[in-house]
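Going down the list, the protein sequences come from chains R and W.
Numbered according to our numbering, the first sequence spans residues 46 to 366.
Numbered according to our numbering, the second sequence spans residues 776 to 1032.
Computed, partial: chain R to chain W, Cβ under 7 Å:
1) 111
2) 139
3) 147
4) 164
Below 30 Å or equal to it, Euclidean Cα-Cα: the simulated DSS-like pairs (lysine-lysine) are:
5) R:356 with R:68
6) W:786 with R:186
7) W:1026 with R:270
8) W:786 with R:213
9) W:786 with R:190
10) R:190 with W:941
11) R:68 with W:941
12) R:360 with R:68
13) W:786 with R:188
14) R:213 with R:186
15) R:68 with W:1026
16) W:863 with R:68
17) W:863 with R:188
18) W:941 with R:199
19) R:363 with R:279
20) R:168 with W:786
21) R:322 with R:346
22) R:356 with R:307
23) R:213 with W:863
Pulled a few chain W residues facing chain R out of the computed Cβ check, cut under 10 Å:
24) 788
25) 861
26) 870
27) 872
Hint data in this document are derived by calculation from the structure and do not stem from the laboratory.
From a predicted model like this one, the values you see are computed outputs, not experimental measurements.
Glycine residues also receive a C-beta, built at the ideal position from the N, C-alpha and C atoms.
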Amino acid sequence: MSEEPYNLSVNNAPPALSVQHLKKTYENGVVAVEEISLTVQQGDFFALLGANGAGKSTMIGVVCSLVNKSSGTIEIFGHDLDTEPHHAKASIGLVPQEFNFNIFEPVIEIVINQGGYYGIPYKVAYQRAEVLLKQLDLWGKRKEKALNLSGGMKRRLMIARALIHRPKLLILDEPTAGVDIEIRRSMWAFLSQLNHSGTTIILTTHYLEEAENFCRNIVILDQGKVIENTTMKKLLSGLQTETFILDLKEPLAHLPNTNDFKLFQRDAKTIEVELDKHRSLNVMFGFFSQHNICVMSMRNKSNRLEALFVKLIKKSKKAIR
Amino acid sequence: MSGQEIWVAFKTLFMKELLRFSRIWIQTILPPAVTMGLYFVIFGHLIGKAIGEMDGFQYIDYIVPGLIMMSVITNAYSNVVSSFFSSKMHGHIQELMISPTPHFIILLGYVAGGVARGLGVGLVVTLVSLLFTEMNIQHPFITVGIVFLTAILFSIAGLINAIYAKTFDAMNIIPVFILTPLTYLGGVFYSVNLLSPFWQQVSLFNPVLYMVNGFRYGILGVSDINPLASFAVLLIFISILFSFAIYLLNKGIGLRE
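Just chain R, same shape as in the assembly:
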């Protein structure tokens, strides 16, 4: 049930990433990627989702030249990774899932050295590192060994390192894992701004609300295959109901009955409303007014993508059985 992804390409510009018929079987016989074909347009904020072992990290590994593919082709901004590896690699920045810098090196050296590997002279790399580390609130820690940084700081360091050569395509593999909410918010503000300035971003995350909030197109992988490739908008439009949590002014003794939507009481002053997606919210508020129930605040119960994601994975597994 895949739909055409939202197309951002202009003037027939090559896609930021084109993966065609990618297959990867490890030496021990494990098939990590059975068949993946996908295209990420320039300027996109693209979600690559899947359960553990779905093949996301393997695919990213292949794109970033960290894993040898079994077959298939990868093109980055029109440059084939096999025939023009230098051009292709120069366009990518990777924020990997695991911390993979030398923890005994000072923060600034880690960032500047990475620039050096892309041929950026020390002075230029230093200036860029200063800007990035200030933006990511790490400048004060620049002389510290990476060993002494907190988990959130280490994640931000990896972002700074990945951006030192100003890549046109940034791949974020679980960038906010283990990061507290405040830092996560500031990281997303930074990454959104980066995307708005033209950097294509591919995101894998287990925090599905992040994907829902930021990504325009989405691919869901399961067992090494693409099971969904569409726009976030179209995917979310597939939801039949939406659940809201309502905080009430007064405690509610009994839930009134209605056939217009489903009501659940969480505690005396909190209720959940499951509303058909095609019904107006006015129906719900009209009902509460009629029963003298005063609603003080309202929010979505959880991210909508999560429900769809679980549903799709279950469906895929059933089909395989």
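Please build the complex by placing chain W on the supplied structure of chain R, with the hints as guidance.
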């Protein structure tokens, strides 16, 4: 990458390696100096007096070139094997692998680091040796040429070892079971002329013999081996190992899954 960018990448990797072993000089520079100092005291000064002369030189004078070469070999090798292996184990080799840095630059960067440490330690050991003996270098160009090529050769060998090693134990197998015996049996402490004809012939299959004797010729002017043969052996081995290391890096063997 342009030539300028490639140069920057090489310089970055080399400086990183240089800083790495310089920062931990107590582990990398000092121990060989102490060990070789003990060799000079015990083998050269104390036991050497009893041995007398070898090839017309005081025993301590005779073993100095071999001991310097031994420290160059072991340090060039261990610098690259430990640095590259730990990069691989801790994942920061990925910083290089995702970058457009060509594979030959990755190889040259690590080798340059190994050569720097090998020669650095060799220089320190040379200074220590001057506490026990005088040194009049007979053929400076040959001396420098042999020690430089030897450091290159064993740095490349260290990188190949690191590529294949999957555990810290595997990293030490080659140095302990192959490199050390070859070095000790490579004429560091004796002239192969002291051996029976059969063992003399066997010794000719030991590449370290050519390096130690080439270096000894450069310093003392005496050698069991023709210095041209020393250069030839070094250049042949460097060519073979360099090509092999590039092949491994291109294929991603031991690096890419």
